[in-house]
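Asks: Chain by chain, the residues run as shown.
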Amino acid sequence: DAGITQSPRHKVTETGTPVTLRCHQTENHRYMYWYRQDPGHGLRLIHYSYGVKDTDKGEVSDGYSVSRSKTEDFLLTLESATSSQTSVYFCAISEPARSAYEQYFGPGTRLTVT
Amino acid sequence: AQSVTQPDIHITVSEGASLELRCNYSYGATPYLFWYVQSPGQGLQLLLKYFSGDTLVQGIKGFEAEFKRSQSSFNLRKPSVHWSDAAEYFCAVGKGGSQGNLIFGKGTKLSVKP
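Chains as they are written, first to last, in our numbering: chain A, 1 to 114; chain B, 1 to 114.
If you're looking for bench data, these hints aren't it; they were derived computationally from the structure. There may be inaccurate statements among the hints.
To be verified - Derived Cβ-Cβ restraints for the label pairs, each shown as a range:
(1) A:59 x B:30: 16 to 24 angstroms
(2) A:80 x B:79: 34 to 42 angstroms
(3) A:9 x B:109: 21 to 29 angstroms
(4) A:5 x B:20: 31 to 39 angstroms
(5) A:40 x B:18: 24 to 32 angstroms
(6) B:26 x A:96: 22 to 30 angstroms
(7) B:68 x A:59: 21 to 29 angstroms
(8) A:5 x B:26: 30 to 38 angstroms
(9) A:26 x B:41: 16 to 24 angstroms
(10) A:16 x B:10: 15 to 23 angstroms
What the hints assert, rightly or not - Below 20 angstroms or equal to it, Euclidean Cα-Cα: the simulated EDC-like pairs (lysine to aspartate or glutamate) are:
(11) B:109 x A:38
(12) B:49 x A:95
(13) A:11 x A:79
(14) B:113 x B:88
(15) B:49 x A:102
(16) B:106 x A:38
(17) B:106 x B:8
(18) B:95 x A:102
Being a predicted model, the structure only gives us computed values, none of them experimental. Each residue gets a CB set at the ideal place from its N, CA and C atoms; glycine is no exception.
The whole structure should be built from the sequences, with the hints applied where relevant.
Replies: Below, the structure is given as structure tokens:
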């Protein structure tokens, strides 16, 4: 299994509070991704990173920001959480030297915004 | 725009029976295609991938998929289903470009009855 951990694994927070989710990898893969998974929607890309300090928006980036200050960590921040951001969040990694599309996923973080 | 359609939301098969999960994609060029599996409470695991060449690709856990350009399909098959195959299956297509962005279908949930 790819060395990907996500923290926290579960979180309940209140509307309007900031939340940061962490993805940590030990594979030294260059690319990292944040997805959200909602019933009936599959997985949708929020943001991705193609290197340290290099990030870009995905399909559903509104209300989210990311940072990557070192290869192994990719942080997803909800500046002011809303109930519509209740979801399961997955981090993924890939190595473009092999194939950027061949992605390995973390175990997920279940976030509930009340 | 690229898209992926999985027509079946939920499929139930008997253990030992054959399985085919459908996937149709929309993409202008030769697509990069993937099948992922998600067991309950887990992250996604790559089952198999198609980049080019032989249109019948073999994956892990005894799964295979066939790329049919004329039908814009990439259906997943298994000749004999085991109870442990019960999971949700996602088809995905590479969005193009070098960043590895994937477009996922909404998933097909597989139930296996004894």
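Asks: Now look at each hint and say whether the structure bears it out.
Replies: Going through the hints against the structure:
| no. | hint | result |
| --- | --- | --- |
| 1 | A:59 x B:30: 16 to 24 angstroms | 22 angstroms, holds |
| 2 | A:80 x B:79: 34 to 42 angstroms | 51 angstroms, violated |
| 3 | A:9 x B:109: 21 to 29 angstroms | 22 angstroms, holds |
| 4 | A:5 x B:20: 31 to 39 angstroms | 35 angstroms, holds |
| 5 | A:40 x B:18: 24 to 32 angstroms | 27 angstroms, holds |
| 6 | B:26 x A:96: 22 to 30 angstroms | 25 angstroms, holds |
| 7 | B:68 x A:59: 21 to 29 angstroms | 27 angstroms, holds |
| 8 | A:5 x B:26: 30 to 38 angstroms | 35 angstroms, holds |
| 9 | A:26 x B:41: 16 to 24 angstroms | 22 angstroms, holds |
| 10 | A:16 x B:10: 15 to 23 angstroms | 36 angstroms, violated |
| 11 | B:109 x A:38 | 14 angstroms, holds |
| 12 | B:49 x A:95 | 15 angstroms, holds |
| 13 | A:11 x A:79 | 15 angstroms, holds |
| 14 | B:113 x B:88 | 15 angstroms, holds |
| 15 | B:49 x A:102 | 8 angstroms, holds |
| 16 | B:106 x A:38 | 9 angstroms, holds |
| 17 | B:106 x B:8 | 9 angstroms, holds |
| 18 | B:95 x A:102 | 13 angstroms, holds |
Of the numbered hints stated above, those contradicted by the structure are hints 2, 10, listed in ascending order.
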